[in-house]
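For the protein sequence lines, the chains are X and B, in the order given. In terms of the numbering used here, the first sequence opens at residue -14 and continues consecutively. In terms of the numbering used here, the second sequence opens at residue -14 and continues consecutively.
Heads up, some of the hints might be wrong.
Since the list gives no way to pick out one identical chain from another, each pair is judged satisfied if it fits inside one copy or across any two copies.
[Claimed, not checked] Mimicking DMTMM-like on lysine to aspartate or glutamate, the simulated pairs with C-alpha atoms at most 25 Å apart in a straight line are: (1) LYS253 to GLU302; (2) LYS427 to ASP166; (3) LYS253 to ASP326; (4) LYS407 to GLU41; (5) LYS449 to ASP3; (6) LYS440 to ASP166; (7) LYS253 to ASP303; (8) LYS434 to GLU41; (9) LYS427 to GLU357; (10) LYS449 to GLU44; (11) LYS427 to GLU44; (12) LYS434 to GLU398; (13) LYS407 to GLU207; (14) LYS253 to ASP348; (15) LYS440 to GLU44.
Keep in mind that the hints were calculated from the coordinates and are not lab data.
2 protein chains.
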Amino acid sequence: MSAGHSVETAQLPSDFIDAMRSMVGSSNFKQGSAVDTVDHGVTAGNLGAAAIVFPESSEQIAAIVKCANAHGVSIVTHGGRTGLVGGALSQPGQIIVSTARLNRIVQFSAVERVAVVEAGVTLQALQEAIVDHGLEPGIDLPSRGSATIGGMVSTNAGGISAFRYGVMRHRVLGLEAVLPDGSIYSDLTRVVKNAAGYDLKHLFIGAEGTLGIVTRVAVKLEPSPTSVATALFGLPSVEAALEATRLALAAQYGHLRAAEAIWHSFFKLTSEEHAWSASDYKADCPVNLLLSLGGADEEQLQHELGRLYEMLAGTYEDISAVLASSQAQQSQLWRLREDTDLIYRRHAAAPSFDVSVPLSEIDAYVHRCMSELRELDPSLDPYLFGHIADGNLHIVLNAASSDLSMEQSASVERIIYRDIAKIGGSFSAEHGIGSKRIHSLKMTSDPVKLALMQKIKGQLDGMKTFNPGKVTG
Amino acid sequence: MSAGHSVETAQLPSDFIDAMRSMVGSSNFKQGSAVDTVDHGVTAGNLGAAAIVFPESSEQIAAIVKCANAHGVSIVTHGGRTGLVGGALSQPGQIIVSTARLNRIVQFSAVERVAVVEAGVTLQALQEAIVDHGLEPGIDLPSRGSATIGGMVSTNAGGISAFRYGVMRHRVLGLEAVLPDGSIYSDLTRVVKNAAGYDLKHLFIGAEGTLGIVTRVAVKLEPSPTSVATALFGLPSVEAALEATRLALAAQYGHLRAAEAIWHSFFKLTSEEHAWSASDYKADCPVNLLLSLGGADEEQLQHELGRLYEMLAGTYEDISAVLASSQAQQSQLWRLREDTDLIYRRHAAAPSFDVSVPLSEIDAYVHRCMSELRELDPSLDPYLFGHIADGNLHIVLNAASSDLSMEQSASVERIIYRDIAKIGGSFSAEHGIGSKRIHSLKMTSDPVKLALMQKIKGQLDGMKTFNPGKVTG
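This is chain X alone, in the form it adopts within the complex:
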């Protein structure tokens, strides 16, 4: 690999490399085999460029961009490299701009409930900096240790609290970004109400580094509850899970923090692997629902979960539940939802999908997909789980990607994405487009929107300096 890198890196002009070194210092520019010490994240292809620069400021990034333009070199910006759709892939002849050294929390005020951070600050670093003030960022992801705030902004990250606090776009009060011409867009307001002209920061949020390099972000924070209670409900239907969610949203005590649905096949996988069981819990029910309430008093939260259960039991038969009575038990319940690695260990690179479906459409959508997939191949029994309060479903095939022919893969995608825009959903809920989903974006989106995306890209980055080949193709 390192030999390959050396050859490939030769494609970067030597005076460009010299300029990078003099801008950031030799130790902050890596190429060839030196890149092998860098964690490539989800896929080795992320480091395909084999040339990385580690700037320490927005001004350095602006200078790098101008220099790259002058040399016709294109830029792929990297945060934590946790993206799942190839948004960070790079190629020989490109330069990777890493935000790793932009890792300062610039400003934090508990009174304001706002933190201004540099793009390379990880979600976990932000969480740890504010936890003692009783605050949280209002967004959380399993990849918190690697995922950076800049990356989360660029991909408009989602997570489990989106039904309550919105997605990353809704957490951003202000933003600074370097534009493709090397100018710095600076709108670091720390207020939620801002009607001062077009709010163009939204162009950079979710654009996956194709329109700007996000360098600083003012993040809105939320008070975190002092107690959390969690229960797992075994339910007969999606309808029952939605009704449970509705009741939990209208909780008389505390507030809903998470409503995660786990359909049977995935529940079977994780519960068996972790040898989880609970007396009276009907582990073979169609839908399992993990509910967490947050509030001041744990006992009252648990009581409220019990009350919700009684209300549900008045409407639905065949339900069961288990209430976590300790932090350890809560973690055990969460593992049943979050240990998705299990799937990939059994089915290498199992094709996975990340869709948003309006809540009233989930039941019909799931039935249609499952039945059509079984028709395609009777052995298909996908793992299904997701954030039911916002309709974000994750569907992972119980098959290695190599088990499927090109044709079968295309059929699977057609089944899962068909009509998703028509019913008011989204074929890409929180993973983005990157390089993998461009075809699907074109297949499912309004042509007027697609044309406007191209226009905007053309206007801001006519030379295609930023992350070429991603999102807009």
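Fit chain B to the known structure of chain X by using the hints.
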């Protein structure tokens, strides 16, 4: 006025007028004196064009736009005409497109907590359609009876719940808009998680009709509490008001619905006018804070307000409070905050300002402004009130606009807007730019942002068909 209209309308080409009539029917096109029956809203200048078309569908609007382009006629779109910064002003030779007939609630699902509405639906009509399902739009304004959802989207409306549910931008899940070329941008997703390419709906939100005509909106709804309790706290300082807000946000029972600060001079005005007083309430305190908590049980909410008061009393001296013990008393307290008309009855067209200030900067900002205004003219003692949980302050001068020289007016504006961007605030929190605030936008904004706004406007609407002379000038 009507004679003037007739003359002015002559500037619209007669074949354009014929085309309008044949598109929408004669009764849905008004010109000249017929326009006088239309409510002009905040200012008569809104109807300056004296020609209004009332389409009933997005397709009709698209056809109108194409026809206007062909005839070189520019368009001013009207919702409820409640805007305060001249965004709806129109001139002879222009055509007003009213969304009044786009008044259908297209889709509503209590399970989804989403409503899809046409642009001309008023906030109040939406509220009334969903209230029996225990839902609310998560945004509320005093002008709810006139303000339309389309107008609220176009101006990115704010209101009292923004600290909790965001501004209008954060309530919009999906949107349909007619573009300046007459094409229809259609993205009526009903889900919060959508990472399917650039989220260009945000271009149209807050653009005040200069980039698109919003025709349909998918609005996120929130569960409304069954009970609300309200108290008024008399406090010694901004710091105490912020601490009270922080405690209320972390309420052990219920959740904060509103935190409205009323500084002394405005409180004096409204409390004297309405002959409001309460025993033991120190009406001469510097800051009055109206707190509303929502939840399941009114008695427990009142108890929680009492607990907050006790906690505050442990930290601050000279505080007092009154707890509303009935709906009527709650309304009386709210009137002390909301009867802003009183100001304008005393001081005709009193200059008013609508700024966002980061919470930790409010105290210093208010002190600086008040002291500099007094220096400018010792008789100035502005009315000050606002949404303290999000830093949105309204400042209204205790002077008629005619009392001030041009020079004085400019000085006042300089004092109030100076450094507002630098401290992370916004000179226009929720009222927008319209035609009145263009100069201030240019004075306070990042030049890179301003240049990008012009580029975007130029690209989407190079012919300046949509609301020319507004926002981007």
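Comparing the hints with the structure gives:
no.: 1; hint: LYS253 to GLU302; in the structure: within (21 Å within a copy, 60 Å between copies)
no.: 2; hint: LYS427 to ASP166; in the structure: between (27 Å within a copy, 22 Å between copies)
no.: 3; hint: LYS253 to ASP326; in the structure: within (14 Å within a copy, 63 Å between copies)
no.: 4; hint: LYS407 to GLU41; in the structure: between (45 Å within a copy, 23 Å between copies)
no.: 5; hint: LYS449 to ASP3; in the structure: within (23 Å within a copy, 46 Å between copies)
no.: 6; hint: LYS440 to ASP166; in the structure: both (16 Å within a copy, 14 Å between copies)
no.: 7; hint: LYS253 to ASP303; in the structure: within (18 Å within a copy, 62 Å between copies)
no.: 8; hint: LYS434 to GLU41; in the structure: between (36 Å within a copy, 23 Å between copies)
no.: 9; hint: LYS427 to GLU357; in the structure: within (23 Å within a copy, 57 Å between copies)
no.: 10; hint: LYS449 to GLU44; in the structure: within (21 Å within a copy, 35 Å between copies)
no.: 11; hint: LYS427 to GLU44; in the structure: between (36 Å within a copy, 24 Å between copies)
no.: 12; hint: LYS434 to GLU398; in the structure: within (22 Å within a copy, 40 Å between copies)
no.: 13; hint: LYS407 to GLU207; in the structure: between (34 Å within a copy, 24 Å between copies)
no.: 14; hint: LYS253 to ASP348; in the structure: within (20 Å within a copy, 57 Å between copies)
no.: 15; hint: LYS440 to GLU44; in the structure: between (27 Å within a copy, 23 Å between copies)
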